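Each protein sequence line maps, in turn, to chains A and B. Under my numbering, read the first sequence as residues 16 to 127, first letter to last. Under my numbering, read the second sequence as residues 921 to 1035, first letter to last.
No wet-lab data here; the hints were simulated from the structure. One or more of the hints may lead you astray.
[To be verified] Computed cross-link-like contacts, DSS-like style, restricted to lysine-lysine with a CA-CA straight-line distance of at most 30 angstroms:
1. A:Lys-70 to A:Lys-41
2. B:Lys-961 to A:Lys-52
3. B:Lys-934 to B:Lys-984
4. A:Lys-74 to B:Lys-961
5. B:Lys-940 to A:Lys-41
6. A:Lys-41 to A:Lys-65
7. B:Lys-934 to A:Lys-41
8. A:Lys-65 to A:Lys-52
9. A:Lys-74 to B:Lys-986
10. B:Lys-961 to B:Lys-986
11. B:Lys-934 to A:Lys-83
12. A:Lys-70 to B:Lys-961
13. B:Lys-961 to B:Lys-934
14. B:Lys-961 to A:Lys-83
15. B:Lys-975 to B:Lys-986
16. B:Lys-986 to B:Lys-940
17. B:Lys-975 to B:Lys-940
[What the hints assert, rightly or not] So the derived label-pair ranges between C-beta atoms look like this:
18. B:Arg-930 to A:Glu-31: 30 to 38 angstroms
19. B:Thr-1033 to A:Lys-82: 39 to 47 angstroms
20. B:Gln-949 to A:Thr-124: 32 to 40 angstroms
21. B:Lys-961 to A:Gly-66: 30 to 38 angstroms
22. B:Ser-993 to A:Pro-127: 17 to 25 angstroms
23. A:Glu-55 to B:Asp-1019: 21 to 29 angstroms
24. A:Glu-55 to B:Ser-993: 25 to 33 angstroms
25. A:Pro-127 to B:Lys-961: 42 to 50 angstroms
Since the structure is predicted, the reported quantities are computational estimates derived from the model, not experimental observations. Glycine included, C-beta positions come from ideal geometry on N, C-alpha and C.
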Amino acid sequence: QQPVQSPQAVILREGEDAVINCSSSKALYSVHWYRQKHGEAPVFLMILLKGGEQKGHEKISASFNEKKQQSSLYLTASQLSYSGTYFCGTEGRGSTLGRLYFGRGTQLTVWP
Amino acid sequence: GAVVSQHPSRVICKSGTSVKIECRSLDFQATTMFWYRQFPKQSLMLMATSNEGSKATYEQGVEKDKFLINHASLTLSTLTVTSAHPEDSSFYICSASLDSGDTQYFGPGTRLTVL
């Protein structure tokens, strides 16, 4: 059930871009992206519901390829505040509809 | 945005005792609440899904008699770790959503340490 995220970790300088990938072996209904800072609750970034959907949130955007069962999160012109661990949560079809299964996370560190 | 609280934030208990963790949705009514467990630098592992007024649905491998979940109202769900052992030490985090499949809003988590 657990999706696979890559890379495991990314180190960036302020202003650089990054891409985080999430793939599942199961057919997906939706993909949810969260960011968690150390010792804090995960914060919702966005949800993608339709294959081919792309969404943007400030300089953070994401895409969802339903056929390939993959989603990617794009961070452009990164800021220090982007540091944290990014998780994708996938919602499958059928009996698991409504439940999220999270990847192991991608630790993003942005340096000045 | 939607706010979810958890209480307590930290708890230390002796082996064999039971611990109750509360999860509250403060500004919305949550039909569905979820309980996760997170090990250091690891993913959020779904333990169970609870819907208000009905029995929780547990994930494979999660002992329902050990992790008792009650979702008595639209704003409160509780997780009771019964007869806790050191291997139950972990970060427990809940989330709440308006309805199944909607955005999940996470609580700040509870750090449980069993001595």
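Results of checking the hints against the structure:
no., hint, in the structure
1, A:Lys-70 to A:Lys-41, "22 angstroms, holds"
2, B:Lys-961 to A:Lys-52, "11 angstroms, holds"
3, B:Lys-934 to B:Lys-984, "21 angstroms, holds"
4, A:Lys-74 to B:Lys-961, "26 angstroms, holds"
5, B:Lys-940 to A:Lys-41, "35 angstroms, violated"
6, A:Lys-41 to A:Lys-65, "15 angstroms, holds"
7, B:Lys-934 to A:Lys-41, "41 angstroms, violated"
8, A:Lys-65 to A:Lys-52, "28 angstroms, holds"
9, A:Lys-74 to B:Lys-986, "44 angstroms, violated"
10, B:Lys-961 to B:Lys-986, "24 angstroms, holds"
11, B:Lys-934 to A:Lys-83, "48 angstroms, violated"
12, A:Lys-70 to B:Lys-961, "28 angstroms, holds"
13, B:Lys-961 to B:Lys-934, "25 angstroms, holds"
14, B:Lys-961 to A:Lys-83, "28 angstroms, holds"
15, B:Lys-975 to B:Lys-986, "15 angstroms, holds"
16, B:Lys-986 to B:Lys-940, "12 angstroms, holds"
17, B:Lys-975 to B:Lys-940, "17 angstroms, holds"
18, B:Arg-930 to A:Glu-31: 30 to 38 angstroms, "36 angstroms, holds"
19, B:Thr-1033 to A:Lys-82: 39 to 47 angstroms, "45 angstroms, holds"
20, B:Gln-949 to A:Thr-124: 32 to 40 angstroms, "38 angstroms, holds"
21, B:Lys-961 to A:Gly-66: 30 to 38 angstroms, "32 angstroms, holds"
22, B:Ser-993 to A:Pro-127: 17 to 25 angstroms, "47 angstroms, violated"
23, A:Glu-55 to B:Asp-1019: 21 to 29 angstroms, "25 angstroms, holds"
24, A:Glu-55 to B:Ser-993: 25 to 33 angstroms, "26 angstroms, holds"
25, A:Pro-127 to B:Lys-961: 42 to 50 angstroms, "24 angstroms, violated"
Of the numbered hints stated above, those contradicted by the structure are hints 5, 7, 9, 11, 22, 25, listed in ascending order.
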